[in-house]
Amino acid sequence: MNLPTNSPGSRVKPASAADVTVTTPRRRTPAPPRRSLRSFRVVALLPLAVFILVFAAYPTIQLVRMSLSDVGIVGGEFVWTPTGLSNYAQFPDDDIARYSFLITIVFIAVTVPATVMLGTLLAILVHRSSVLAGLARNVLLWPALIAPVVVSVIWWLILSPNFGTLNKVLESLGLPPQGWLGHSSGAVFSIIVVDIWHWTPLVFILIYAAIQGIEPDLVEAAEVDGATQAQVYRHIVIPLLLPAIAAATLIRLTMGAKAFDEMYVLTKGGPGTATTLASLYIRNVFFDRLDLGYGAAISVLVIAAITVVMILVAIGRALRPGRELFNG
Amino acid sequence: MARPATVVRPARRFRPGAEIPLALATLIVFLPVALIIVLSVQPLVNIISPGWNFGLTTQNYAAVFAPDQPYLTQLGNSTVIVVGTVALCLTAGSLAGYSLSRLGWSPRTTVIVLVAAGIITLIPPMALVPGLYVTLNAIGLLGSLLGLVLLNTVFNLPFASVLMKVYFDRVPAEIRESALVDGASEFRTFLQVMLPLAAPGAAAVAIFVAIMSWNEFLFGLTMTTGGRTSPITVGIAALVQPYQITFGEMAALGTAVAMPIIVLAVVANRWIVAAVTRGAVKG
Amino acid sequence: MGNARTEPWRLNRRRFLQLSLGSSALLVGCGDNGGGALGEGNGDGEGTATSLTVPANESPWLSAYQEAARTYGEQVDGEITVREFPYDGLRTAMVNAIRGGTQPFDLFHMDEPWTGEFYDNEWAMPLTDIDSGFTLDQNIITYDSLPTWNADERRHAEDGEVMGLPINGNINIFIYRQDLYDELGLSVPTTFEEAYENGRIAQDRGAVRYGYVVRAQGTDSGQSIVYDYMPLMRAYGGDWYDENWQPAVNTPEGVAGMEMFQRLLSLGPPQPQTVGQAEVIAAMQGGQALQVHVVAAAAPQFEDETASQVAGQLGYTKMLAAETTGQSAPTSGVWSLALPRELPEDRARGAFDFINWLLSEEGQQAFTAAGGIPTRTELYDSTDVSEAAQKYLPAIRDSLDDVRSSVRYPFSAEMLPVAERSLASIAAGETPVQEGLDELADELARIASEAGFGG
Chain U
0 MNLPTNSPGS
10 RVKPASAADV
20 TVTTPRRRTP
30 APPRRSLRSF
40 RVVALLPLAV
50 FILVFAAYPT
60 IQLVRMSLSD
70 VGIVGGEFVW
80 TPTGLSNYAQ
90 FPDDDIARYS
100 FLITIVFIAV
110 TVPATVMLGT
120 LLAILVHRSS
130 VLAGLARNVL
140 LWPALIAPVV
150 VSVIWWLILS
160 PNFGTLNKVL
170 ESLGLPPQGW
180 LGHSSGAVFS
190 IIVVDIWHWT
200 PLVFILIYAA
210 IQGIEPDLVE
220 AAEVDGATQA
230 QVYRHIVIPL
240 LLPAIAAATL
250 IRLTMGAKAF
260 DEMYVLTKGG
270 PGTATTLASL
280 YIRNVFFDRL
290 DLGYGAAISV
300 LVIAAITVVM
310 ILVAIGRALR
320 PGRELFNG
Chain V
0 MARPATVVRP
10 ARRFRPGAEI
20 PLALATLIVF
30 LPVALIIVLS
40 VQPLVNIISP
50 GWNFGLTTQN
60 YAAVFAPDQP
70 YLTQLGNSTV
80 IVVGTVALCL
90 TAGSLAGYSL
100 SRLGWSPRTT
110 VIVLVAAGII
120 TLIPPMALVP
130 GLYVTLNAIG
140 LLGSLLGLVL
150 LNTVFNLPFA
160 SVLMKVYFDR
170 VPAEIRESAL
180 VDGASEFRTF
190 LQVMLPLAAP
200 GAAAVAIFVA
210 IMSWNEFLFG
220 LTMTTGGRTS
230 PITVGIAALV
240 QPYQITFGEM
250 AALGTAVAMP
260 IIVLAVVANR
270 WIVAAVTRGA
280 VKG
Chain F
0 MGNARTEPWR
10 LNRRRFLQLS
20 LGSSALLVGC
30 GDNGGGALGE
40 GNGDGEGTAT
50 SLTVPANESP
60 WLSAYQEAAR
70 TYGEQVDGEI
80 TVREFPYDGL
90 RTAMVNAIRG
100 GTQPFDLFHM
110 DEPWTGEFYD
120 NEWAMPLTDI
130 DSGFTLDQNI
140 ITYDSLPTWN
150 ADERRHAEDG
160 EVMGLPINGN
170 INIFIYRQDL
180 YDELGLSVPT
190 TFEEAYENGR
200 IAQDRGAVRY
210 GYVVRAQGTD
220 SGQSIVYDYM
230 PLMRAYGGDW
240 YDENWQPAVN
250 TPEGVAGMEM
260 FQRLLSLGPP
270 QPQTVGQAEV
280 IAAMQGGQAL
290 QVHVVAAAAP
300 QFEDETASQV
310 AGQLGYTKML
320 AAETTGQSAP
330 TSGVWSLALP
340 RELPEDRARG
350 AFDFINWLLS
360 EEGQQAFTAA
370 GGIPTRTELY
380 DSTDVSEAAQ
390 KYLPAIRDSL
400 DDVRSSVRYP
410 FSAEMLPVAE
420 RSLASIAAGE
430 TPVQEGLDEL
440 ADELARIASE
450 AGFGG
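Chains as they are written, first to last, in numbering that gives the first Met the number 0: chain U, 0 to 327; chain V, 0 to 282; chain F, 0 to 454.
By construction, these hints were calculated from the structure, which means they are not laboratory data.
Be aware that one or more of the hints could be misleading.
[As the list claims (entries may be wrong)] If you want a taste of the chain F side facing chain V, the calculated C-beta under 8 Å gives, among others: (1) Thr80; (2) Glu83; (3) Phe84; (4) Pro85; (5) Gly88; (6) Thr91; (7) Ala277; (8) Ile280; (9) Gln287; (10) Ala306; (11) Ala310; (12) Gly311.
[As the list claims (entries may be wrong)] Just so you have them, the derived chain V footprint on chain U, three or more residues with Cβ under 8 Å: (13) 58-64; (14) 88-98.
[As the list claims (entries may be wrong)] Residues from chain V that face chain F, not an exhaustive set, calculated with beta carbons under 8 Å: (15) Ile47; (16) Thr109; (17) Leu113; (18) Gly226; (19) Arg227; (20) Ile244.
Using N, Cα and C, we set each Cβ at its ideal position, and we do this for glycine too.
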């Protein structure tokens with residue numbers, strides 16, 4: 000018996016649903032929810048709900064509370080002294096905090112477009128390739144799978160001014176050695192390069208998957224009509240990829256805001272504070288300076304900034320009906 | 000439109016315009032990885048001396064995995080974290096995904112729950128660390144592996160739930176109804192009929208969550224104090240020592256941590272690509 | 000993904016695995032909680048604990064410490080468990096232990112900069128609390144009053160109470176390539192100026208890549224450029240603060256010290272702000288440097304033939320002096336062992352006995368034989384030390400009279416990152432010397448007065 004599958008154009012082996020034999024005729028009218036259904040559907044959601052409440056909602060409330068207090072830890076207990084907005088008042092005077100917000104924005108503004116464009120380009124290249132496609136599909140994934148700390152170790156061993164492989168290569172070629180990690184601008188450049196190397200493969204796999212989902216008929220029809228490859232890509236493929244590109248962009252945006260691991264190992268936020276992104280600064284305030292209230296305040300500000308951006312994105316979505324920007 | 004499943008692929012033509020840049024890209028990706036493998040078997044002298052000297056030694060690995068070093072314990076910690084997180088994410092995620100997919104919630108409720116879960120992925124984990132620190136301390140799990148398992152679960156659960164929901168969406172509703180009509184309870188239906196049909200989704204979730212929790216660093220760093228209490232990622236970071244140079248060991252440990260995942264990716268490559276493809280292509 | 004018929008069986012096994020693994024994660028999680036051992040004595044403080052848990056940092060002398068602990072454990076029929084942490088994690092672990100209200104550790108293991116903070120906050124107990132008649136053995140080296148703390152004046156002072164015992168007598172010494180000196184006809188320098196000349200000659204003749212390598216990298220935790228700069232600063236007559244807590248970094252003496260520092264850096268790698276401890280050690284170990292001044296704890300690696308290109312070719316001598324003053328000022332980087340204040344009596348007694356033994360001649364013997372640097376005078380004349388140690392211990396011994404403290408103030412945690420950043424910027428030439436030092440002086444004054452000193 001062939002049960003209709005939900006996804007037209009599923010590209011892999013037939014879903015195992017087709018293997019299941021059903022002994023009774025299908026009902027046309029769904030039964031009303033039974034009591035066991037009602038309780039089960041709630042029970043089934045409970046774990047997720049508990050996790051969200053205990054480990055997301057509650058800590059966030061605690062976070063806001065901390066940002067409005069002076070918090071200390073004495074004898075294992077947290078000691079709270081409400082202080083209103085004084086923690087937030089520190090922020091405008093804090094040069095490092097403002098710099099870290101700024102450098103995070105710069106970081107996102109460069110790495111997100113770069114990884115999205117490169118990833119899309121790679122996906123198209125692999126799609127069009129015949130010889131290297133299999134190998135590329137394998138190898139190109141690797142950076143995204145390696146732990147960020149290991150990625151930093153790899154790039155430190157490459158970029159270190161005194162032991163790094165890059166300088167050994169440059170010297171062999173008679174070129175002057177680089178000292179990027181020793182300068183503010185060079186360090187920022189380095190973390191951007193590392194981030195792009197690390198995460199372009201993620202965009203690649205997302206876009207590649209989307210390319211696989213494009214109906215061959217559309218492309219064939221256009222080619223029959225005499226379109227060049229460039230025109231096919233520009234007018235058919237890329238527009239069809241836009242949802243996936245948008246999704247990838249969104250994912251990369253959130254990752255950029257969260258960036259922490261690579262910088263922590265590669266530059267430790269330095270030289271000085273040059274690569275101290277928002278997450279690194281929060282860690283420093285909270286764990287090195289032990290200023291729990293102020294650390295919480297900065298965290299709240301970061302969350303607020305992201306929320307604002309997301310609201311803008313959501314408004315943008317709402318203004319474009321019929322466009323599915325999220326996959327799945 | 001019923002068509003035999005084929006992959007969209009241009010006719011097999013050799014296109015240097017595609018192959019050459021691709022070769023370059025593959026090289027850019029491959030070389031740094033090859034480098035750390037090579038460095039991991041170099042004696043320290045070769046690494047710190049100028050010029051190119053290639054040796055071969057197991058000294059770095061021996062030093063890293065010596066019994067009085069904490070790294071083996073840390074590898075064990077990471078393994079426990081991965082196993083626990085995958086188990087919890089599969090359990091909670093498949094239950095939640097199934098509930099949202101097939102158990103008759105109104106679309107509005109579904110969206111609300113998904114958005115609430117999704118918000119977690121938007122917040123930088125470090126911003127939540129102060130709050131989580133206080134919470135874990137209140138429960139008494141600060142510095143424990145269970146605490147790390149729970150934190151890793153929280154941040155992977157939205158993805159797990161959404162992906163399972165997508166896979167459950169693909170399983171026809173009639174199958175569930177048939178099973179119910181046959182007398183199965185809701186739970187049995189879920190466990191023995193629907194979940195097996197969404198097994199590819201579960202496997203994809205398992206692999207993704209395993210990779211994310213194995214590579215996790217931030218919580219391992221902030222919620223433990225290093226040494227034998229931490230996952231291996233923190234151990235690698237701590238190899239940057241004030242008094243010693245440990246580059247060979249850094250390379251060895253980095254290789255040891257990255258290789259399982261890469262081997263997994265190579266072996267299961269076709270399958271991973273297919274899984275992501277299926278997840279990304281909307282019904 | 001396979002047949003529906005086989006799926007349920009596999010799935011049930013998976014569920015079982017999930018449950019059992021989940022519960023094992025639970026057990027492991029519970030087991031790792033707290034992570035400390037309780038004393039073997041009764042909980043109410045009777046007797047003396049012989050099973051202790053002590054923290055330590057991952058370092059070259061960790062194995063020496065573990066070896067000494069093992070020896071002691073056998074002697075008292077107990078066990079000393081050493082839990083190792085990376086440098087940053089060690090301070091965090093101890094601070095968490097204090098704030099957490101439990102007592103996972105029976106000792107505090109403090110780097111020198113942390114001692115001021117720990118003693119000022121009364122996180123450690125004076126040793127006279129355990130043994131009212133306790134006095135510091137005359138043969139224990141005090142490294143500019145490291146063990147004693149004057150609580151009223153809030154500083155380390157000779158007339159203070161004994162709070163912690165010194166372990167691993169780390170100070171910086173001057174190390175040079177004897178073979179290159181012989182080849183070029185250079186004599187062993189006693190001043191920075193002479194060393195600069197040596198370095199310049201060697202570089203000009205192409206005998207070596209770097210004439211002098213020293214740290215100029217600023218770090219966010221601990222002392223990096225600060226530690227390597229202090230010998231120069233003090234040799235020329237400058238210091239962080241004078242007796243009235245007024246900054247003295249930007250005095251003419253301080254400026255002279257920084258200028259000499261810059262001259263030495265010019266003989267080193269082109270990006271001095273990237274030169275950290277690892278780079279200094281590697282430069283010497285890889286044969287690229289003629290001269291370095293570095294903590295003695297790094298020395299054993301240089302003599303390790305499997306890892307060092309220059310084993311057996313090095314000379315060791317005390318820290319150089321300034322030509323103008325003739326003063327040498329090696330900086331102490333010695334660690335201290337202290338007792339947590341809230342420790343129950345039986346464990347405190349056990350810990351007290353342990354550190355007393357460790358600082359006795361016998362204990363120091365065990366520690367030094369295993370590769371540690373002794374903190375008792377007798378051991379510097381002993382021959383029961385490793386071959387490598389025989390080369391650098393005399394240099395340390397000669398330095399002991401001139402040893403100066405590193406940054407130990409109660410406000411070190413605030414002061415160090417500021418000093419590190421500022422000095423690194425000046426040393427790299429990004430900020431002019433006088434201007435940079437003046438700015439640093441302002442910051443130092445502010446930090447000190449906010450902490451209640453001077454102002």
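Tell me, which hint numbers fail for this structure?
Hint check: 1, 11, 12, 14, 16 and 17 fail, others pass.
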